[in-house]
Each structure stands twice: as C-alpha cells, then as structure tokens.
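Heads up: the protein sequence lines correspond to chains A and B, in order.
Following our numbering, the numbering of the first sequence begins with 1 at its first residue and continues without gaps.
Following our numbering, the numbering of the second sequence begins with 369 at its first residue and continues without gaps.
Be aware that one or more of the hints could be misleading.
[Claimed, not checked] Below, simulated DSS-like cross-link-like pairs (lysine-lysine); rule was C-alpha separation at most 27 Å, straight line: (1) B:K466 / A:K151; (2) A:K122 / A:K148; (3) A:K33 / B:K646; (4) B:K645 / A:K151; (5) B:K509 / B:K489; (6) A:K148 / A:K125; (7) A:K122 / A:K140; (8) A:K151 / A:K140; (9) A:K125 / A:K140; (10) B:K646 / A:K148; (11) B:K645 / A:K148; (12) A:K140 / A:K195.
Read the hints as simulated data drawn from the structure, not as lab findings.
Listed here are the chains, written in short residue letters.
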Amino acid sequence: MDIVATQSVAANEGQRGRDNLLSIRNVAKSFGKNPVLRDISLEIAEGEFLTILGESGSGKTTLLRIIAGFESANTGEVWMEGERLDVLPPYRRRVNTVFQHYALFPHLTVEENVGYGLRVAKLPKNEIVGRVQQALAMVKMTSYAGSKPAKISGGQQQRIALARALVNRPRLLLLDEPLSALDANLRRQMQVELKSLQREVGISFVFVTHDQEEAMVMSDRIALLRMGELEQVASPREIYSHPATAYTAQFIGHTNLLRGAVLSRVARCHSLDWPVGMPDGPVLFSLRPENIRVVDLAVGSSGVNVVRFRGRIRHRAFHGSTELLQVECEDGLRVSVRTATREKWHGDLELEFSPDDAVAVRESQERI
Amino acid sequence: MFSRAYRAAITVPPLLWVAVFLLVPYALLFCYSFWSVSSTQMIVHSWTLDNYRDLWRVNVYWQTLFRSMWIAARVMIFSLLLGYPLAYYLSFHAGPRKDLFYQLVIIPLWVSYLVRAYAWKTILGSDGVLNTLLQYVHLTKHPLEFLLYSPFAVVLTLTHIYTPFTFLPIYASLEHIPRNLVEASHDLGASPIQTFWRVILPLSIPGVLAGATFAFVLSLGDFLAPLLLGGPSGIMISNIVVSLFGAAYNWPLGAAISLCMLLLVLALLFLSENLEKKWSFR
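Next comes chain A alone, as it looks inside the complex (with noise of 0.2 Å):
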C-alpha cells in the first residue's frame, strides 16, 4: 500500500504551540464485564485534526460516544475549555456529531435537516434561513434544499449531514466513519475536501476510522487505539517513521520486523550486523520495505554506511506505481522490499539498508 502523507510539517509543528481544547483524562469503560477503554488520556487542541485509528473492537467509536455524551465513562473526565464534559447530556454539549451512516431525519428535507439544530435553539427565522444557505452552499447542495434524505445518493448525504452538523458552529465535530459507506474514489475525493473544509472552518475534528491510510491523508495527529489502550498519538509522519511499537510499525503501512539482540553497541539480527547506540539486550527493529533498496551493480553502493545483504526474489506482488518483492536471504531471513516499477530486478539480488531506517520498537503487549 501507498503511504502518502500529504500534509505539511509545518502544520504539524504548528500544533504544538495550540492552546488545547479538549482533555480526556483517565478515562475508561467497560460494557458489562468486558473493558472497552482502558485508562485513556488525551489533549485535542484548538483546530487540530486529529484521527482515532484502530481496528473494530478497539472502542474507538466508544471513545467518540463517551466525548459526544451517548455513552458514560464508567471513571474518568472529559473536559473541554475548563468546563467539565461528561457532566451534561448531550444536547448541552458544543460537540457535534456526523454519524457513520448520517442519520438524516427521513421526515424533513435537506434544508430542515440542516436548519434542525437551529431551529431547537429557537433562533431567529433569518438567521436560520441565512445560516442554512451558508451551510449547504459550503458543501454545495443548494439546488437540493427541498429534496428529502431518500431521494439523495450516499456522498450527498454525507455532505448534509456535514453541514448539518457545522452549521450549528461547534467547538468540536466528532465524525464517526463518515466515509466507510462511499465507495472508494468517491471516499478519495471526500478525504481531501473534507481536509481543506475543516482548514477552511478552523473548527477540531475528531475522526474515527480503521483505515489508517484515510488517517494518513487526513490527520494532524493520529491516536492509535489498539484493545481499548491508546498505543501511540502522534503526527502521521513521526508514527510512520517512528513507531513505538511493533502493533504500531505493523498497523499503519507494511514493515519487516527483525528481531535481533544488541551486544556491545552492535545490533545483531541474523547474519546482519550494524552500530547502534542502545544498551545491550533483545531488541526488536521495525524496516519499512521501501528503505531496503536493490544495489544496482553497475552503480554501486550508495553510501559506506550501510548494512549489505544477499538475497534472491521467492514473490512479487504488483501495486502499480511501485512492487513489493519478497526476498529471502542466504540465512533464511526473509524480508519485504518495495521498487520502483520500473526498475525490473530478477533473481538474485544485492540489497542495502541504512541503520538510521532499522527504527528500534517495543514488544505490543498481550491483552485479554
């Protein structure tokens, strides 16, 4: 799979310096006897994007419902602008929702859906009408303002339930796989409109998927839940490149894992060998395979410092732009690496990686 993360680092960078909007402190929860979240602590600053991935099961739309007010932590708080959260119901939070299958009110046409939080806060007439148009107009559904929810395709309802949440100005939008039910380009062209709309609104999102290459495109940061635990929050350029642990590294793109054992400041994986500066012990590498690179012989070598290696192509999986050859060393290390398409490599092969890419991660612990 391609990985593009398609934000600035600056955006990144600027995140930090953000006041923080919301704070989700301890948090946990548990359905009976079975534990949902566990312990869960996070900061949403102020127009940050921030992406909660994770497989299903990993409560993750449970987290959503707890910061909505659908669901109750079972301890915990959540706190948005120094007023506690979880306290009020639902209608008296500044959060809205857009939910995973929209949950349009069948009953009322496009414009009373978007209008609905409006006109329940009993605002004036003319603003409503003016705010409604603004709305739909963002997400350019005027010309279907009189229709009903059912007469209108998927992608337009999203739009709508887009705007109906927006339109009601939240401090944060909570979006519940809002793009699982599209199909795949139409899902490509939301990701990005959605991106620059919240660009556009300054407004934070909070987004909830399991598509880790949806939360790449998208997030400023990504909180990566794994069994109800917060496996690591960072932006999707330091997670990629920087996974903590081994579910993380695995999870989000596709990564070889070698494990090996540090002896006297040199890491050892198989017949491999190269200078570390960690302390001796079992350690575990995570390479992404795009950082192996196929040594062309008529080239050479592209640096000194760089770890060699032999291998011969057992498999190729074709991906388009690029190929993920499986290739197993002379030791029986077998390993993923990705070309270039263009480049045609047969057989035997002469491969190299730079150490800085063998990123150390820890063992992602058991959990029942």
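Following the hints, put chain B in place on chain A, whose structure we already have.
What follows is chain B alone, placed relative to chain A:
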C-alpha cells in the same frame, strides 16, 4: 418453475374459500339491501330503494349510527392516550424489563372477550366491586347507577379490550425508529421533549394511524359490549343490525345498514392507508 397442477393446487382452495365465504355473502347482502319484506313476513324479490330511504328518514337508525361513531371515537382517543405512552415507555425506557412488559400487554388478548366484558360487569354493577368500595370509604352514600348499563361502561370496556390493538402498531413503529436519529437530535441540541415532538412522534405517525384505525373500526362494529353493559342508552348500530336479522325479521333493512357500515369502514381504511403512506419515509 412450478407445474400448473401444483400452482392450481395451492391457489384454488384459498380462492374458493374467499369466493364462498366472502364474495357470495357480500353479493347476497347487496341484493337483500334492495329487496323488501311483505306484510306476511316474506322477502319480496323486487328492487327498491325503500331500505335506504328508511335509514335516512327513521331517526333512530342514523342517531344510533352517530352514537356508535361517537363511542368508537372516544374508545379510539382513550386507547391512544393509554397505548401511546405505554408503547413509548416500553420502546425507549423499559430496558431489560421490555419483554416482560410486552407480554403483560399481550396476555389479555388471550383471555376471552366475554370474560373481560363480564369482569367489567362485576366491577361496575350497583353491588359491584367499585360501588362497594366507594360506599365503604364513604365517598358515596348510594351506588352510582351510571357506571353500568351506560355508554360510559361501553367506552370503558371497549377501551380495555382494544388498547392492545392500538398499542401493538404504535410499539412496532417506535421500535423501527433508528436510535441514531434520537442521538442525532440530542447531538444537535434538542432536549428529550423537543426530540419527542420533532423526531419520535412524526416518525411514529404510521403506527398511530394504524392503531387508531384498529380501535375505531373494531369498536364501531362491536355488539357484545353494548349488549352486556350498554343498557338502553348504550345501544350501538350493530345491536340494531342483529335485531333486524333476528327478532325483527327485516333482513333487507339490516342488509342496507350493514352495507352502509361496510362502506364507512372501507372509506376509513382507505383514508388511513393513504395517510400512513404519506407519513412513511422508507
């Protein structure tokens, strides 16, 4: 594909059933309503509109029809007032006790209609449970006579009997409301009361219409409750039809009244069906 013989074997019996026990009787009813009875108590098979003219001219017929409609309307309103909150509570707030409560609502349907009607007789009678209690606590000196053999008793009994019929379609329509719509409403700032009026009630209208139709149509044609508990002032149109087909031996007039009721009920069903369609969104 199924063979012709097989298709005939499964379609003919029900069609025959419908023809013999439904279409033929209706056709007979239709014919009878245009015939008349001679002074010697014989059916005269010559076409006349006299029966329909009588229906219009003789006050007691259309007055009783209107009283029946008024009783049916009250039954409908009371069973909606009872059935809706019950269905709402069960669907949204009963939690794990939902199934138990549901069964409790359904169980009375298993008890014979007659038993339930007689039960009210023992409760409402002048030496019945209610009057005895009222006198015992000195709220009244003499038994309250209006409790039994009155339209009140009929409305009460029919409401008791038909409330489950109102409850069921309302409950079904409430159960069909996706819960994320309720969450969406709260999320958008609507309080539980606002959510009820703006989302839950509009989406349950088809069930309300079906339930109201059940209660109204079933009570309109009821003749046992008025017979047992109605007394002279609680007579309903079906009692008249029964006596016309029985003691009075005027089948043609009975047929004419029956046809009028049939048309009235058909019109109501048609109306409620159309309204239900208008209020359903899936």
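Hint check:
Simply put, B:K466 and A:K151 have alpha-carbon atoms about 35 Å apart, too far for the 27 Å limit, and the pair is violated. For the hint linking A:K122 to A:K148, the alpha-carbon distance of about 23 Å falls within 27 Å, and the restraint holds. For the suggested pair A:K33 and B:K646, the alpha carbons sit about 46 Å apart, so the restraint of at most 27 Å is broken. With a C-alpha separation of about 16 Å, the suggested pairing of B:K645 with A:K151 holds against the 27 Å cut-off.
Proximity of B:K509 to B:K489 is assessed by CA-CA distance (about 20 Å); at most 27 Å being required, the pair is judged to hold. This hinted pair checks out: A:K148 and A:K125 have alpha carbons roughly 21 Å apart, not beyond 27 Å. The suggested pairing of A:K122 with A:K140 holds, with an alpha-carbon distance near 26 Å, which does not exceed 27 Å. With a C-alpha separation of about 16 Å, the suggested pair A:K151 and A:K140 falls inside the 27 Å cut-off, and the hint holds.
Note on A:K125 and A:K140: the hinted pairing holds, with a Cα-Cα distance of about 22 Å set against a maximum of 27 Å. Using a Cα cut-off of 27 Å, the hinted pair B:K646 and A:K148 holds, with the two alpha carbons roughly 13 Å apart. Proximity of B:K645 to A:K148 is assessed by CA-CA distance (about 15 Å); at most 27 Å being required, the pair is judged to hold. For the given pair, A:K140 sits about 16 Å from A:K195 by alpha-carbon distance, which is consistent with the 27 Å threshold.
Checked against the numbered hints above, the structure breaks hints 1, 3 and satisfies the rest.
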